[in-house]
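Asker: The primary structure of each chain is shown beneath.
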Amino acid sequence: MTNAVSILSDESPAVLSLSAADWLCRLVQKPRPAPVQPAYLALARTGNTDALALLYDEYREPVWRLCRRLLRSEADAQDVLQSTFVKAFAALPRFRGDASLKTWLLRIAVNEANTVGRRRDVITATEETPLPDAPTGLDDAERVAVRSLVDALKPEFRTVIVLRFWEELSYEEMGTVLNMPLPGVKMRLHRAKEAFRKMYGEEITG
Amino acid sequence: MKIEKMETILRRAAPEVAPLSAERADRVLRNALATVPRRDTNGWRGLFSVAAPGMATAFLLLCFGTVSHAPQFEPKAAPALRAVAVPVVVERENEPAVNRIASVVPGRKPVAVAVSSAVIKGPRRVRRRSATVAAVTAVAASQAFSPAPQVTEPMANADEPFLFVAATGTDATQNGDESLTVTVRTDVPAEVPGRAEVATVQSVAMSNAAENNDTSVPVWAHVAVETGQEPVMTLTALR
Numbered sequence: 001m002t003n004a005v006s007i008l009s010d011e012s013p014a015v016l017s018l019s020a021a022d023w024l025c026r027l028v029q030k031p032r033p034a035p036v037q038p039a040y041l042a043l044a045r046t047g048n049t050d051a052l053a054l055l056y057d058e059y060r061e062p063v064w065r066l067c068r069r070l071l072r073s074e075a076d077a078q079d080v081l082q083s084t085f086v087k088a089f090a091a092l093p094r095f096r097g098d099a100s101l102k103t104w105l106l107r108i109a110v111n112e113a114n115t116v117g118r119r120r121d122v123i124t125a126t127e128e129t130p131l132p133d134a135p136t137g138l139d140d141a142e143r144v145a146v147r148s149l150v151d152a153l154k155p156e157f158r159t160v161i162v163l164r165f166w167e168e169l170s171y172e173e174m175g176t177v178l179n180m181p182l183p184g185v186k187m188r189l190h191r192a193k194e195a196f197r198k199m200y201g202e203e204i205t206g
Numbered sequence: 001m002k003i004e005k006m007e008t009i010l011r012r013a014a015p016e017v018a019p020l021s022a023e024r025a026d027r028v029l030r031n032a033l034a035t036v037p038r039r040d041t042n043g044w045r046g047l048f049s050v051a052a053p054g055m056a057t058a059f060l061l062l063c064f065g066t067v068s069h070a071p072q073f074e075p076k077a078a079p080a081l082r083a084v085a086v087p088v089v090v091e092r093e094n095e096p097a098v099n100r101i102a103s104v105v106p107g108r109k110p111v112a113v114a115v116s117s118a119v120i121k122g123p124r125r126v127r128r129r130s131a132t133v134a135a136v137t138a139v140a141a142s143q144a145f146s147p148a149p150q151v152t153e154p155m156a157n158a159d160e161p162f163l164f165v166a167a168t169g170t171d172a173t174q175n176g177d178e179s180l181t182v183t184v185r186t187d188v189p190a191e192v193p194g195r196a197e198v199a200t201v202q203s204v205a206m207s208n209a210a211e212n213n214d215t216s217v218p219v220w221a222h223v224a225v226e227t228g229q230e231p232v233m234t235l236t237a238l239r
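If you read the protein sequences in the order shown, they are chains A and B.
What the first sequence shows, in the working numbering, is residues 1 to 206, in sequence order.
What the second sequence shows, in the working numbering, is residues 1 to 239, in sequence order.
It cannot be assumed that every hint is accurate.
BS3-like, lysine-lysine: derived pairs with alpha carbons at most 27 Å apart [said to hold, decoys possible]:
id : chain 1 : residue 1 : chain 2 : residue 2
1  : A       : K198      : A       : K87
2  : A       : K193      : B       : K5
3  : B       : K2        : A       : K193
4  : A       : K198      : A       : K102
5  : A       : K87       : A       : K193
6  : A       : K186      : B       : K2
7  : A       : K154      : A       : K198
8  : A       : K154      : A       : K193
9  : A       : K87       : B       : K2
10 : A       : K198      : A       : K186
11 : A       : K87       : A       : K102
12 : A       : K198      : B       : K5
13 : A       : K154      : B       : K2
14 : A       : K102      : B       : K2
15 : A       : K186      : A       : K154
16 : B       : K5        : A       : K87
17 : A       : K154      : A       : K102
By construction, these hints were calculated from the structure, which means they are not laboratory data.
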């Protein structure tokens, strides 16, 4: 154990704050198993149109749902859906398979939605296309208020709120989608919830 | 408010998203597949193209006996999407380039005009295009019609492309106070999301052209087109 610490002592001082036991655990940590990929992936990488169509049919709805929930305009969401699969098909040969196809596609969709969202700040926004209400335990007014507050959040906060509470992704999946480490995801989600809670409290108290 | 209660509220506020229509879904797939480089991967050739990289890698591993330096199959990168920054005006077939239309209003000298009915093809992610067009057809107010198109000169402006059509004529009306009202009808196909609307419609006094001895009378109509696909604009001039 002493030898392990001395080997690592050349690293930055912050490293030495961990105990030797922690470092030994990290050294022997098993790598996360690669997710199971669909059987048609190999063919899809070669550009086989049937395989690409299968991939599209399987993941079209989750990507569409995310696009629609991230963007207020249906036209924008359709554009993002289109550009997501265009880029996905082009980048598929380079897909390493260390993440699931779904989270990989959602990552592309989030990046595309952010691009559209930034552009929307410059160009006059089109008429919003409100989403219908699903039957829930909230009354209409509260549901509309909550959605308005989520829309009013900063884009990075809105994204994590949508991914976590509306798309029901795990923290690991969110990390892959956002290309962030797990602690970063949790921190951003914490800040997003704080921002929402503050706005919600102001909304209630007027 | 407790965190758990807030999270419950957030979850319950999740909006419901209707599935994509079949037509729209097919269109997205077609457009995405159109960007994929064509490779023959059907049948035995397809299987071979899939197996060949693995077979080649295995052969090289066998020859050199190393794992970490085995060459990887790097497929050719897909070509970049064709960037269409400037709308392309599509000329309809079987129609004359210049339409000389006689005035149907008795007593008026004919004004030869050139008009445009164009399909704008812009980038797929067009948000808003301001198209400034000019189209003049001398017809009676009761007889509005879609005139023949003319290929115009799209200006090379990636941000604000527009069409310009000049109305040419050697015989402008000689009556004073005679104006020409341009009506722009914008037809967006039903399957195209978005809308097109006329921002301004301008009328011009034809007599001005006569006074200046001009052979062309520009009439401007500012049309804001806001779709993600291909709008169609039909221009009609009424007198």
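Asker: All hints are to be evaluated individually against the structure, with a verdict given for each.
Answerer: So, going through the hints one by one against the coordinates:
A hinted pair counts as satisfied when its Cα atoms are at most 27 Å apart, and K198/A with K87/A does not qualify at roughly 38 Å. For the proposed pair K193/A and K5/B, the alpha carbon gap of about 12 Å is at most 27 Å, so the pair holds. Of the supplied pair hints, the one linking K2/B and K193/A holds, its CA atoms being roughly 11 Å apart against a limit of 27 Å. At most 27 Å may separate the alpha-carbon atoms for a hinted pair to count; K198/A and K102/A exceed this at roughly 33 Å.
As the CA atoms of K87/A and K193/A are separated by approximately 32 Å, the hinted pair breaks the 27 Å bound. At most 27 Å may separate the alpha-carbon atoms for a hinted pair to count; K186/A and K2/B meet this at roughly 18 Å. A hinted pair counts as satisfied when its Cα atoms are at most 27 Å apart, and K154/A with K198/A qualifies at roughly 13 Å. Note on K154/A and K193/A: the hinted pairing holds, with a Cα-Cα distance of about 12 Å set against a maximum of 27 Å.
Between K87/A and K2/B the alpha-carbon distance is near 41 Å, which puts this suggested pair outside the 27 Å criterion. Taking the CA atoms of K198/A and K186/A, the gap is about 18 Å. The hint holds against a cut of 27 Å. For the proposed pair K87/A and K102/A, the alpha carbon gap of about 14 Å is at most 27 Å, so the pair holds. Note on K198/A and K5/B: the hinted pairing holds, with a Cα-Cα distance of about 14 Å set against a maximum of 27 Å.
Proposed proximity of K154/A and K2/B is supported: the alpha carbons are some 22 Å apart, at most 27 Å. Proximity of K102/A to K2/B is assessed by CA-CA distance (about 32 Å); at most 27 Å being required, the pair is judged violated. Taking the CA atoms of K186/A and K154/A, the gap is about 16 Å. The hint holds against a cut of 27 Å. Restraint check for K5/B and K87/A: not satisfied, since their Cα atoms lie roughly 39 Å apart, outside the 27 Å limit.
A distance of roughly 25 Å separates the Cα atoms of K154/A and K102/A; the hinted pair therefore holds under the 27 Å criterion.
Violated hints, listed in ascending order, are 1, 4, 5, 9, 14 and 16; each of the other numbered hints is respected by the structure.
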